[in-house]
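Under my numbering, the residue at position 429 of the sequence shown is numbered 458, and the numbers go up by one with no gaps.
Simulated from the structure, these hints should not be mistaken for laboratory data.
Keep in mind that the hints are not guaranteed to be accurate.
[To be verified] Here are the simulated EDC-like cross-link-like pairs (lysine to aspartate or glutamate), alpha carbons at most 16 Å apart as the crow flies: (1) Lys466 x Glu366; (2) Lys132 x Glu487; (3) Lys290 x Glu487; (4) Lys435 x Glu455; (5) Lys499 x Asp117; (6) Lys194 x Asp111; (7) Lys330 x Glu131; (8) Lys465 x Glu593; (9) Lys340 x Asp117; (10) Lys304 x Glu329.
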Amino acid sequence: MSTTPEVEVASSGIDHVSIHSLQPEIIIIGAGVIGCALAYSLSQSGRSVVLLERDLSEPDRIVGELLQPGGVAALEELGMADVLDGIDAVPVEGYCIVSGEEKVGCPYPLLEEMAGIHQHQDGKEQNGISAHIDKKGKWHVDSESGKKEGRSFHHGKLISSLRRKVLNQGKNVTVLEATVKDLVFCEHTNRVIGVSASFKPASNTSSGEGKGNVGNSDDTRDSRPQPTGIVKKIYAPITIIADGCFSKFRLTPGTRTPTPKTRSHFVGIILEDCKLPIQNMGTVCLTPSGPVLLYQIGREKGEVRMLVDVKGKLPSVGDGSLKRHIEANYVPHLPAELQSPVLSALATQRLRSMPNTFLPPSIQGLSNHLSGAILVGDAYNMRHPLTGGGMTVAFNDAIILTKYLKPSEQLPSGRAGLEDWDKVSEYLREWFWERKKLSGVVNVLSMALYSLFGGADEPELEVLREGCVKYLGMGGERVAGPVGLLSALTPAPLMLFYHFFSVAFYSIFLLLIKGPPNSSLRSTKSNPVLNPLLVLLTLPLNLIYSIKVFWTACVVLLPVIYTEFRV
Numbered sequence: 030m031s032t033t034p035e036v037e038v039a040s041s042g043i044d045h046v047s048i049h050s051l052q053p054e055i056i057i058i059g060a061g062v063i064g065c066a067l068a069y070s071l072s073q074s075g076r077s078v079v080l081l082e083r084d085l086s087e088p089d090r091i092v093g094e095l096l097q098p099g100g101v102a103a104l105e106e107l108g109m110a111d112v113l114d115g116i117d118a119v120p121v122e123g124y125c126i127v128s129g130e131e132k133v134g135c136p137y138p139l140l141e142e143m144a145g146i147h148q149h150q151d152g153k154e155q156n157g158i159s160a161h162i163d164k165k166g167k168w169h170v171d172s173e174s175g176k177k178e179g180r181s182f183h184h185g186k187l188i189s190s191l192r193r194k195v196l197n198q199g200k201n202v203t204v205l206e207a208t209v210k211d212l213v214f215c216e217h218t219n220r221v222i223g224v225s226a227s228f229k230p231a232s233n234t235s236s237g238e239g240k241g242n243v244g245n246s247d248d249t250r251d252s253r254p255q256p257t258g259i260v261k262k263i264y265a266p267i268t269i270i271a272d273g274c275f276s277k278f279r280l281t282p283g284t285r286t287p288t289p290k291t292r293s294h295f296v297g298i299i300l301e302d303c304k305l306p307i308q309n310m311g312t313v314c315l316t317p318s319g320p321v322l323l324y325q326i327g328r329e330k331g332e333v334r335m336l337v338d339v340k341g342k343l344p345s346v347g348d349g350s351l352k353r354h355i356e357a358n359y360v361p362h363l364p365a366e367l368q369s370p371v372l373s374a375l376a377t378q379r380l381r382s383m384p385n386t387f388l389p390p391s392i393q394g395l396s397n398h399l400s401g402a403i404l405v406g407d408a409y410n411m412r413h414p415l416t417g418g419g420m421t422v423a424f425n426d427a428i429i430l431t432k433y434l435k436p437s438e439q440l441p442s443g444r445a446g447l448e449d450w451d452k453v454s455e456y457l458r459e460w461f462w463e464r465k466k467l468s469g470v471v472n473v474l475s476m477a478l479y480s481l482f483g484g485a486d487e488p489e490l491e492v493l494r495e496g497c498v499k500y501l502g503m504g505g506e507r508v509a510g511p512v513g514l515l516s517a518l519t520p521a522p523l524m525l526f527y528h529f530f531s532v533a534f535y536s537i538f539l540l541l542i543k544g545p546p547n548s549s550l551r552s553t554k555s556n557p558v559l560n561p562l563l564v565l566l567t568l569p570l571n572l573i574y575s576i577k578v579f580w581t582a583c584v585v586l587l588p589v590i591y592t593e594f595r596v
């Protein structure tokens, strides 16, 4: 195995592999997070797989760097937990929310605290990620803190580790470096029967050439001129599309995928010589302009990733407008100990950005939909990365989809076994609803929290934001429940509904007894005594205002739930 950051290419060029000799049962486009997970799990189940990736060198991205405990558990169930070894991954033990001078720690649960939570009383598995918990409720994923930890890391190191896992331990998988140009359709049935791909000539495919942040799986647009390659077709009964958030195959007629909506951008830099408010916890700083995320992505150098959420059109990077925007509107609201390293990084580093896009999932396998192809990953479903749940959803999707596509009595092994699209379609519809147990909660939670934390657009949202921070600050079940949802350890839709509206009612309670945030009724450091007479006099107005606050809470949550769970 290569010791360089790049993954060894399975074929050193089209001259060294006979494409016509390949007879895969499944083709996967994109060797990113879910592409690698599916390639490995499907090959282990007995399926023959061809995995196509435009560039197998280590990618360089500013997101996809934090994996929740539920995602770590899913990797364990896939048999891929060792991909987290040797990549300088940092344990993540929870979240710290910073709002002004207030800091609230939200730790993940202790190992035995939620024993058996993923099992019914009869011992049956629940939510698809319980293989890591035995009958006594013990956690089988390595932990340094005694908590159910997540992991944070450089995204590229994880992707390279995933690819090495597929190359070295995948039972019946062929990994090829090629750019997929088109899907191939049957002229009689209009079913997808394979792909047309461009392979680099042998002289152009050395492991060092083309190193950069491009690839079928990489969510950055590649504007570089592509070398002329040799175009070949590969055929398989099933093609899985996993080519990322800028997927060009998402728009294929028949996919019926909703239009992705970009609400903001993350602007990323790396901080050095920086200590987070709570060690080994991801930090969310709430500012009037939007949230700022910070988490450590390397132990060796102590690097800390900072992601600044910028709404609307990004100011120009070239003329320094974006840098000045961050310095003026975000940095003053960060903890004092973070401001110096942030300003230093802004002065010396290139600002990089990624869109934060919402793409609700659509049911696949209906009679009038695209046949022969399956959309997965960011090509299929995206949510705001505020909660760091994307990779957890991807690994869980791989577990469930493998369960349906593995050789069985209904879908026997061999290419002919997957030709029955009616049966595959039935399984895709079941997959759509089964994945909702986890993905639905992660998607709704991410979009709802972003609406609350995404800046002071409306006074009502400021009331709810304050109530959320105070609610979590009370500890106990008020923090254990939401953290169980955030970590994807207890992805229960009813629990999400309960805690969200508990926050709403608690926010209204604070409004009635203290008045709105930043109100003159509020006690301050200079005047710590709350004036009860003024509170009483303004109570009728605040009662009326509370109706508007509750309506805002409904508008934040209910439309997202509807969008997520509609067919």
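Against the structure, the hints come out as follows:
| no. | hint | verdict |
| --- | --- | --- |
| 1 | Lys466 x Glu366 | 40 Å, violated |
| 2 | Lys132 x Glu487 | 23 Å, violated |
| 3 | Lys290 x Glu487 | 21 Å, violated |
| 4 | Lys435 x Glu455 | 14 Å, holds |
| 5 | Lys499 x Asp117 | 35 Å, violated |
| 6 | Lys194 x Asp111 | 9 Å, holds |
| 7 | Lys330 x Glu131 | 29 Å, violated |
| 8 | Lys465 x Glu593 | 9 Å, holds |
| 9 | Lys340 x Asp117 | 32 Å, violated |
| 10 | Lys304 x Glu329 | 14 Å, holds |
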